[in-house]
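Trainee: Sequence:
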Amino acid sequence: MKLSYLVGYGDNYPAYVHHRGASIPADATTGCKDGWQWLDSDKPNPNVAYGALVGGPFLNETYVDSRNNSMQGEPSTYNTALMVGLLSGLVTTSSVVESFT
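For the sequence shown, the UniProt record's numbering puts the final residue at 101, and the numbers step up evenly by one.
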């Protein structure tokens with residue numbers, strides 16, 4: 001699909017992330033129950049949730065880029081835990097190597 005599941009990375013990433021901060025315009029005045037108009041909008045999110053890692057593809061390697069598809073399009077901490085762990089390991093390893101040189 002040539003799609004990055006890390007929002008904001010590359011040229012092709014999810015445009016309809018299931019995330020209130022990304023889908024509601026910054027200048028909108030809204031309450032808790034007023035978000036339906038943006039959830040159901042066919043326009044891409046007005047704000048990019050840079051660095052958010054969405055759920056990714058189904059087993060048949062398909063991805064439905066829709067705000068209503070929270071299973072695939074919602075960023076969450078358990079999606080990013082592996083990435084944070086790996087990157088912190090690289091930072092720690094590179095710091096140790098630099099201290100010995």
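Be a bit skeptical, because a hint or two may be false.
Unchecked claim - Below 20 Å or equal to it, Euclidean Cα-Cα: the simulated SDA-like pairs (lysine to any residue) are:
1. 43 with 66
2. 2 with 44
3. 2 with 59
4. 43 with 15
5. 33 with 70
6. 2 with 62
7. 2 with 30
8. 2 with 36
9. 2 with 15
10. 43 with 72
11. 2 with 55
12. 33 with 74
13. 2 with 75
14. 43 with 28
15. 2 with 72
16. 43 with 25
17. 43 with 74
18. 43 with 87
19. 43 with 11
20. 43 with 59
21. 43 with 63
22. 43 with 65
23. 2 with 51
24. 43 with 13
25. 33 with 20
26. 2 with 58
27. 33 with 21
28. 2 with 12
29. 2 with 78
30. 43 with 77
31. 2 with 50
32. 33 with 69
33. 43 with 68
34. 2 with 13
35. 2 with 41
36. 43 with 64
37. 2 with 39
Unchecked claim - If you anchor each label on the Cβ, the simulated ranges turn out as follows:
38. 89 with 37: 41 to 51 Å
39. 86 with 28: 20 to 30 Å
40. 2 with 29: 37 to 47 Å
Keep in mind that the hints were calculated from the coordinates and are not lab data. For clarity, every value in this text was computed on a predicted model and none was experimentally measured. Idealized CB from N, CA, C, for every residue including glycine.
Trainee: Hint by hint, where does the structure go against what was stated? Just the numbers, ascending.
Mentor: Hints 7, 8, 18, 20, 29, 30, 35, 37, 39 not satisfied by this model.
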